[in-house]
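Between the sequences and the hints, there should be enough to build the whole structure, so can you do that?
These protein sequences, in sequence, are chains A and Y. When we follow my numbering, the leftmost residue of the first sequence carries the number 575, and every step to the right adds one. When we follow my numbering, the leftmost residue of the second sequence carries the number 220, and every step to the right adds one.
Note that these hints are calculated values from the structure, not bench results. Predicted model only: the values in this text are computed from it and were never measured. Positions of the beta carbon are idealized from the N, C-alpha and C atoms, including for glycine. Heads up, some of the hints might be wrong.
[Unchecked claim] Pairs of lysine to aspartate or glutamate, EDC-like flavour, derived with a Cα cap of 20 Å:
no. : chain 1 : residue 1 : chain 2 : residue 2
1   : A       : 578       : Y       : 232
2   : A       : 578       : Y       : 239
3   : A       : 578       : Y       : 233
4   : Y       : 340       : Y       : 282
5   : A       : 578       : Y       : 354
6   : Y       : 340       : Y       : 354
[To be verified] Take a look, some chain Y residues computed to stay more than 10 Å from chain A by CB distance:
no. : residue
7   : 320
8   : 328
9   : 335
10  : 343
11  : 373
12  : 415
13  : 432
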Amino acid sequence: MAEKTVSAGMYLLVYLALMVLLAATVGAAYLHLGNLTVVAAVGIAIVKATLIILYFMHIRVGSRNLWVFAVVGFLWLAILLTLGMTDYLSRGWVPAPTGWEPGK
Amino acid sequence: MSNVAARVAEQFDDAVQQRESATVGMWIFLATEVMFFGGMFLGYAVYRSSYPMVFGASSQRLDIVLGTLNTALLLTSSLTMAMAVHAAHSGKRRSLVGFLFATIVLGAGFLGIKFYEYFQKFEEHLVPGKGFVFEGADSRHAQLFFSFYFAMTGMHALHMVIGIVMMGVLIVFAMRGKFTAEYYNPVEMAGLYWHFVDIVWVFLFPLLYLVERS
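Right, here's the structure in full:
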């Protein structure tokens, strides 16, 4: 029973892509992107992480069963970050009811 | 492929099924690791969105050259680790040991630079606590940034120390001839762990070092 594997040449190609993306993320930090700075930083990091997961961690050639286990952790993380930030970012939007004071 | 040479435990049909089971278990462990680091990332996001200016000013105090160099070292160590798994899969014992050793050297290089950076932060009074000195911006909130910096990079460094110890054990096992082209599950699992630690750093680097550089 033959398993699919990633070739050594592919590893090298992914590595070169990762190094280019490292240069890109440092370069992007020096551009005047304003609020987009963090979007560029996290966006490039997600691309790098995806390359590592697909090729170095063999998910690209793994079974569909394995895909589920690889994805759930990040799915839960997305839920944590989304719901957590939804709370904190929206706290100033609605004024606290009158007559309400902390500590009572 | 004989099940004896592949060291297949009796509950598995063959070596492939055994490796698949180990891999699934490893990914479940990594999911718990994602949640462990995820809590710190959420805390970081909450406070960075609350105090964006101070986080930007604090981030500028980190050494971007050393940070970039360390990222390159870690990405390279992931390549050597992937090559180690490749060598194990091909049954090449000598190159397996060589690539594992290279991974240890690169990982140790990362930790050495990290240690030097910590030393610099101590000298510059940037360690949260009584001796913390931060000019200009609100120093209490700058302490928050450096608390996240030390907690997150510290937990990451601890994971790397554990990974390096694992590589050392794998080298001993490999030299004793415990791995074959059919059975190298510990190498594959250590590889998954090492790449995961690399991924954590891939996010830590821009979020800590590249907040406000333009």
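For this session: Measure nothing beyond the straight line between the CA atoms of residue 340 (chain Y) and residue 354 (chain Y); if it is 20 Å or shorter, mark the hint as holding.
Result: holds, 14 Å
Exercise. Residue 432 (chain Y) clear of chain A by more than 10 Å, beta carbon to beta carbon?
Worked result: Check fails; 4 Å does not lie beyond 10 Å.
Problem set entry | Restraint status (C-alpha distance of residue 340 (chain Y) to residue 282 (chain Y) at most 20 Å) | Judged against 20 Å, a Cα distance of about 10 Å means the pair holds.
Exercise. Within a Cα-Cα threshold of 20 Å, do residue 578 (chain A) and residue 354 (chain Y) meet the stated pairing?
Worked result: violated, 56 Å
For this session: Would you mind confirming whether the straight-line C-alpha gap from residue 578 (chain A) to residue 239 (chain Y) stays at or under 20 Å?
Result: Roughly 13 Å separates the two Cα atoms, so the pair holds.
For this session: Measuring Cβ to Cβ, find out whether residue 373 (chain Y) lies farther than 10 Å from everything in chain A.
Result: holds, 20 Å
For this session: Check the non-interface label on residue 320 (chain Y): least C-beta distance to chain A beyond 10 Å or not.
Result: holds, 18 Å
Exercise. Quick one, are residue 578 (chain A) and residue 233 (chain Y) close enough, alpha carbons at most 20 Å?
Worked result: Answer holds: residue 578 (chain A) to residue 233 (chain Y) is near 16 Å, not above 20 Å.
Exercise. Looking at residue 335 (chain Y) again, its CB stays over 10 Å from all of chain A?
Worked result: holds, 20 Å
For this session: Could you let me know if the closest chain A CB is still more than 10 Å away from the CB of residue 328 (chain Y)?
Result: Correct as stated: the minimum Cβ-Cβ distance to chain A is 16 Å, above 10 Å.
Problem set entry | Distance rule for residue 415 (chain Y), whose beta carbon must clear each one in chain A by more than 10 Å | Answer for residue 415 (chain Y): violated, closest chain A Cβ roughly 8 Å.
Problem set entry | Exclusion check [residue 343 (chain Y) not at the chain A interface, CB over 10 Å] | holds, 21 Å
The structure fails to meet hints 5, 12, 13 from the earlier list, while all remaining hints are met.
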